[in-house]
Each structure stands twice: as C-alpha cells, then as structure tokens.
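Chemist: First to last, the sequence lines map onto chains A and B.
FYI, in my numbering the residues of the first sequence are 110 to 317.
FYI, in my numbering the residues of the second sequence are 5 to 293.
It should be emphasised that the hints constitute simulated quantities derived from the structure, not laboratory data.
Since we're looking at a predicted model, the values are computed, not measured.
Every residue gets a Cβ at the ideal spot worked out from N, C-alpha and C, and that includes glycine.
Hints are not guaranteed to be accurate.
[To be verified] In silico BS3-like pairs for lysine-lysine, Cα to Cα no more than 30 Å straight-line:
#, chain 1, residue 1, chain 2, residue 2
1, A, LYS273, B, LYS201
2, B, LYS174, A, LYS291
3, B, LYS137, A, LYS273
4, B, LYS41, A, LYS273
5, B, LYS121, A, LYS310
6, A, LYS295, B, LYS174
7, A, LYS295, B, LYS136
8, A, LYS306, B, LYS71
9, A, LYS306, B, LYS245
10, B, LYS230, A, LYS306
11, B, LYS193, A, LYS116
12, A, LYS285, B, LYS121
13, A, LYS273, B, LYS235
14, A, LYS311, B, LYS230
15, A, LYS285, B, LYS245
16, B, LYS174, B, LYS230
17, A, LYS273, B, LYS193
18, B, LYS245, A, LYS273
19, B, LYS279, A, LYS285
20, A, LYS291, B, LYS235
21, A, LYS310, B, LYS245
22, A, LYS311, B, LYS136
23, A, LYS285, B, LYS235
24, B, LYS114, A, LYS116
25, A, LYS311, B, LYS263
[What the hints assert, rightly or not] Counterexamples of contact, computed for chain A against chain B with all Cβ distances above 10 Å:
#, residue
26, SER223
27, MET239
28, ASN263
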Amino acid sequence: MIISRLKEFDQILQLLSEKKIFLIGCGKCAKKQHTGGEPEVLELKYKLTAAGKNITGWTVLNSACSINSWDDVLEQNPAIKMSDALLIMSCGGGVSVISRYAGINVYPALDTESLGGVCCNEIVTQLCGMCGDCTIWQYGGICPVTQCSKSLLNGPCGGAVDGKCEVDERLCGWDKIFDRLKELGKLSHLEMIHEPKDHAKKSRGKKI
Amino acid sequence: MSFVSTLLSGKFIITAEISPPKGTDISRMIRDVELLKGIADAVNVTDNQRGVMRMSPLAACGIIQGKGIETIMHITCRDRNRIALQSDIIGAAALGIRNVLVMSGDHPVKGDHEGAKPVYDIDSIQLLGILKKLTLGFDLADNELSGRPDLCVGAVTNTELNEVGLIKLKKKILMGASFFQTQAVFDAKSFSGFMEKVNGIRSEKVKIIAGIIPLKSQKSADFLSKLAGIKVPEDIVQKMKRSKDPETCGMEIAANIIKEIRPMCDGVHIMPVGKHENTKMILEMAEIL
Ligand code: SF4
Ligand code: SF4
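Please model the entire structure based on the sequences and the hints provided.
Modeler: As structure tokens, this is what we get:
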C-alpha cells in the first residue's frame with residue numbers, strides 16, 4: 110500500500126489557479142488510509158466550494174493508478190470535459206497516470222510518503238524502499254533501507270536513545286531487526302557483511 | 005613520531021578534537037592547534053558534526069597539518085556517495101592526511117540544514133571495506149589506482165553496547181579498523197565492562213581510545229546525559245551542581261576518570277565543549293604530561 114497524507118488546505122488552494130475543478134479520489138490505498146475515499150473527497154469538495162471554487166463534479170476511481178481507459182472515465186464523468194483542472198486524491202502514481210491522459214492540468218491533493226502496508230486495520234508505513242535488489246530475508250523481514258533512518262545495512266549507528274531512533278519517534282529499526290532475528294533463531298545473519306547496494310538495479314523507467 | 009607509529013609503540017595515546025570554523029576565519033582553529041602542539045599525538049577534525057554545516061574537514065586538516073601537527077580526518081557517510089568519499093580520501097592522502105575516522109554521521113535533521121537529502125549510500129562497515137581496497141590499489145568498482153593511499157583507519161563506538169552494537173563493533177574490527185575512539189566516558193566501572201567485552205574480540209593491535217568531555221557546568225552535564233551513548237552518573241551531576249567553580253570541578257572529574265581508566269585502555273581523546281585552553285592542565289592533573 111502506498112502511504113499518503115492530505116496536503117494542508119491552504120496549500121491545495123494555492124495550487125489551483127483554475128476555477129472549474131473536478132475531484133478524483135482513489136478506491137484503493139488512499140481510501141483505506143482515509144486520505145482519498147468518498148468521505149474525504151466530499152469534505153474537500155465542501156471546503157473548496159466554500160473557498161469559492163466551482164467544483165464541477167467528483168468521482169472515486171476504483172484505483173487511480175490503474176485505469177482501464179481514460180475514455181471510460183470520461184464517459185462516466187462527463188463533467189470532466191467542462192472542467193479546467195483535475196484535483197487528485199491519490200498517490201503520485203495515480204496522479205501520474207491521470208496526468209498522462211487527461212490533457213488538462215492535474216494537481217495532487219496528497220503528498221506521497223512511502224510504501225507501507227495494512228494488516229488488521231493497522232497501517233504500517235515505510236516498509237520497502239523499492240531498491241530493486243531485495244535482501245529483506247537477511248534481516249528477518251524488516252527492511253533496513255526504510256526501517257533504519259540511515260538505511261544502514263550492517264548494523265545500528267549507535268544514535269538511538271532509550272530505543273528510539275535519533276531521527277524521529279520511531280523505534281530503532283535495528284533493535285527490531287535484532288529482536289526478529291532472535292525470534293527466528295537467525296542471529297547469525299547479523300554477522301554477514303553486506304556489500305553496498307547496487308543502485309543500478311533500481312528501475313530507471315525501463316519498460317518491463 | 006607519526007600517529008601510526010605512536011599507535012603501535014605502546015605509548016598512552018592522546019588525541020584531541022577540533023571543529024573547523026563555520027566560515028573562512030581560521031584564527032580560532034589555529035589558536036586551538038597551537039594549544040595542542042606538543043601535547044596531542046594527533047588532532048581529530050570533525051566532519052560537519054551534528055549535521056551542522058562547517059568548513060570541510062579535508063580543507064581544515066590540510067591547514068592544520070601545515071602547522072606541523074598530524075590530523076585524524078573524520079569522514080561520515082551522511083553527505084557523500086561512494087564516488088565522493090573515495091575521491092576525498094584519495095585527495096586527503098595526496099595532501100599527506102593519512103589518518104581517517106569513519107562513522108555514519110548524525111542525521112541532517114539533527115543539524116542546521118534539516119531539509120538536506122541524507123545520502124548514506126554506504127555505511128561505516130562498507131566504507132571501511134572501501135578504504136581497505138583503496139590501500140590495496142583498487143577502487144570500489146575494481147579499477148586500478150595510479151598510486152595508492154597509505155591509510156591508518158579508525159572507527160567510533162559507544163561504550164554502552166547492546167548485543168547488536170557489539171556485533172557491529174566486531175564487524176568494524178574485521179573490516180580493518182585499527183583504532184576506536186569512544187563516546188564520552190564518565191563512569192570507569194561501566195567502561196571496564198565495555199573493555200571486557202572488547203578485549204574478548206580484539207587483538208592487541210586494535211587500540212581503544214576513550215572519549216573524555218570535560219564538563220563545564222551542570223547544564224552541560226544534563227545536556228550530555230540526553231545524548232546517545234553517554235551516561236553521566238548522578239554523583240557527578242550532583243558534584244557539578246554543588247560546585248562553586250564548576251569549570252575546575254569538571255576538569256578534576258575529567259582528570260580522575262582518565263586516571264581510573266588509564267590502565268584499561270590505550271589512550272584518551274579530549275573533546276571539550278568549546279576551546280582547548282584547559283586540555284593541557286587536565287592532562288597534567290591526570291599525571292599524563
Ligand atoms: S530490500 Fe529493497 S526491495 Fe526489499 S524490502 Fe528493502 S527496499 Fe524493498
Ligand atoms: S537510531 Fe537506529 S534506526 Fe535510527 S538511524 Fe540509527 S540505527 Fe537507524
């Protein structure tokens with residue numbers, strides 16, 4: 110799941126120089142996180158209307174980042190054709206896909222943060238850094254690229270205070286890795302010397 | 005005697021830390037250097053410590069070595085990718101800066117450019133590996149170097165180590181760190197526990213240089229207690245609190261700790277908050293000079 114958060118309302122308002130705006134939400138990740146489902150779209154519509162914008166209409170796409178055809182979207186939402194701009198409540202993936210076909214100005218209402226997940230209603234952030242070279246098993250399924258604030262592959266930096274990372278409120282990722290490996294009986298993994306990541310393996314827009 | 009020879013000679017090592025200036029005015033840095041001449045075996049030069057932007061340690065080391073005292077250049081993984089790190093190390097070596105101290109580096113959010121992109125392309129273990137390779141005449145990508153740097157490489161450690169921290173220390177030794185400078189020590193007893201652990205995994209060639217921060221006030225004691233890897237015991241905090249002359253009291257405390265830990269480790273590293281005007285006196289009080 111892509112983790113996103115709503116931009117400040119004032120910031121959204123500043124983005125929109127156009128008058129007639131059509132709102133698009135996303136029925137997948139953004140809906141689950143309450144950043145771009147129907148209630149959030151309606152709330153933003155209400156606020157924008159109050160701020161003097163003409164909201165021509167709204168929809169929540171099944172999934173903003175994977176659209177069967179833009180023509181279908183237009184057919185189901187004829188108001189898009191009467192709009193000057195689209196405001197998208199989805200991750201950057203959704204905004205990109207829509208920007209590609211819309212032919213008018215498209216604005217993001219959300220900020221995209223990380224690749225996370227959700228389980229039993231708990232949203233977990235920063236699970237994978239999409240490095241293109243997955244070695245997460247060496248760390249008991251806790252990825253140091255994202256769970257350690259410095260992406261250290263060979264052990265902790267020593268900056269944690271009372272178990273908290275020196276950077277933010279998160280627990281030190283390396284303590285978590287240690288605990289998990291201990292649970293799994295794989296503490297020997299900690300002795301591995303991990304070579305620097307091959308960043309060339311990260312996709313640079315190659316067609317798959 | 006060069007720092008490398010001093011390390012191997014068995015002499016009790018004295019190093020001291022200097023921060024490069026924030027700006028081009030080097031006068032204060034030079035004053036510190038003059039204070040340390042004939043006292044310190046080498047001067048550590050920090051790398052934008054705590055993420056606060058300052059003069060590059062490479063430039064500062066060049067200036068300081070020009071004044072006739074050997075430097076230990078700190079090098080963090082925070083601001084440079086593998087290309088820039090190797091390039092700086094080779095440049096330093098060509099300028100005669102052979103001693104480097106490797107660390108991950110405080111995250112930019114701790115400093116004065118919070119929005120800076122943290123690099124951390126490689127970590128301290130990998131950097132040690134890269135340095136080893138450079139000394140063998142190859143870069144990380146296996147290209148041959150024309151002229152190889154002759155380096156003396158150290159790393160840092162906390163003295164309060166959990167299991168995973170100790171494993172990392174072991175890896176640093178394995179990857180060629182020949183000396184360690186520790187986070188500030190205030191408690192000889194807990195330091196001896198640390199040394200026991202370290203002695204179990206190091207050879208005699210790997211030297212441990214204990215960090216010493218002379219306290220200046222009760223406030224500095226409170227501040228340091230909040231930092232990672234530093235524990236200021238309550239009796240020391242109280243001593244500072246009661247003292248009418250906290251600066252002298254802090255010097256006495258530092259000298260006492262040095263005396264206590266001297267038999268356990270290979271040297272001390274003095275990191276004053278501010279200037280080095282008391283460093284000589286502290287070492288005399290500790291009966292080292
Ligand atoms: S190792 Fe790379 S691909 Fe695997 S979880 Fe971490 S960032 Fe993602
Ligand atoms: S405190 Fe832990 S999680 Fe934070 S940067 Fe250091 S090792 Fe990584």
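Chemist: Hint by hint, note whether the structure agrees.
Modeler: Checked hints:
At roughly 24 Å between alpha-carbon atoms, A/LYS273 and B/LYS201 fall within 30 Å of each other, so this suggested pair holds. Between the alpha carbons of B/LYS174 and A/LYS291 the distance comes to roughly 18 Å, so the proposed pair stays at or under 30 Å and holds. Restraint check: the Cα-Cα separation between B/LYS137 and A/LYS273 comes to about 34 Å, which exceeds 30 Å; the hinted pair is violated. Annotation: proposed proximity of B/LYS41 to A/LYS273 is violated, straight-line Cα distance about 40 Å (limit 30 Å).
For the hint linking B/LYS121 to A/LYS310, the alpha-carbon distance of about 21 Å falls within 30 Å, and the restraint holds. Between A/LYS295 and B/LYS174, the direct Cα distance comes to roughly 18 Å. Compliance with the 30 Å bound is thereby established for this hinted pair. The hinted pair formed by A/LYS295 and B/LYS136 meets the criterion: a straight-line CA distance of about 29 Å does not exceed 30 Å. Of the supplied pair hints, the one linking A/LYS306 and B/LYS71 is violated, its CA atoms being roughly 40 Å apart against a limit of 30 Å.
Restraint check: the Cα-Cα separation between A/LYS306 and B/LYS245 comes to about 49 Å, which exceeds 30 Å; the hinted pair is violated. About 33 Å separates the Cα atoms of B/LYS230 and A/LYS306, which puts this hinted pair outside 30 Å; it is violated. In summary, the hint linking B/LYS193 to A/LYS116 is not supported, as the alpha carbons are separated by about 52 Å, beyond the 30 Å threshold. The suggested pairing of A/LYS285 with B/LYS121 holds, with an alpha-carbon distance near 25 Å, which does not exceed 30 Å.
Distance hint between A/LYS273 and B/LYS235 is fulfilled; the C-alpha atoms sit about 16 Å from each other, no more than 30 Å. Straight-line distance between C-alpha atoms of A/LYS311 and B/LYS230 comes to about 39 Å, which puts the hinted pair past the 30 Å bound. Of the pairs offered as hints, the one joining A/LYS285 and B/LYS245 is violated, with about 38 Å between alpha carbons and a cut-off of 30 Å exceeded. At most 30 Å may separate the alpha-carbon atoms for a hinted pair to count; B/LYS174 and B/LYS230 meet this at roughly 26 Å.
The hinted pair formed by A/LYS273 and B/LYS193 meets the criterion: a straight-line CA distance of about 25 Å does not exceed 30 Å. With a C-alpha separation of about 29 Å, the suggested pairing of B/LYS245 with A/LYS273 holds against the 30 Å cut-off. This hinted pair does not check out: B/LYS279 and A/LYS285 have alpha carbons roughly 40 Å apart, beyond 30 Å. Proposed proximity of A/LYS291 and B/LYS235 is supported: the alpha carbons are some 27 Å apart, at most 30 Å.
Proximity of A/LYS310 to B/LYS245 is assessed by CA-CA distance (about 57 Å); at most 30 Å being required, the pair is judged violated. With a CA separation close to 27 Å, the supplied pair A/LYS311 and B/LYS136 stays within the 30 Å bound. A hinted pair counts as satisfied when its Cα atoms are at most 30 Å apart, and A/LYS285 with B/LYS235 qualifies at roughly 23 Å. With a C-alpha separation of about 25 Å, the suggested pairing of B/LYS114 with A/LYS116 holds against the 30 Å cut-off.
This hinted pair does not check out: A/LYS311 and B/LYS263 have alpha carbons roughly 53 Å apart, beyond 30 Å. A/SER223, annotated as away from the interface, keeps every beta carbon of chain B farther than 10 Å; the closest lies near 15 Å. At roughly 16 Å, the least C-beta separation between A/MET239 and chain B is larger than 10 Å, which holds for a residue marked as non-interface. Chain B draws A/ASN263 into its interface by the beta-carbon criterion, the shortest separation being 4 Å against a cut-off of 10 Å.
Going down the numbered hints, you'll see the structure goes against 3, 4, 8, 9, 10, 11, 14, 15, 19, 21, 25, 28, while the others check out.
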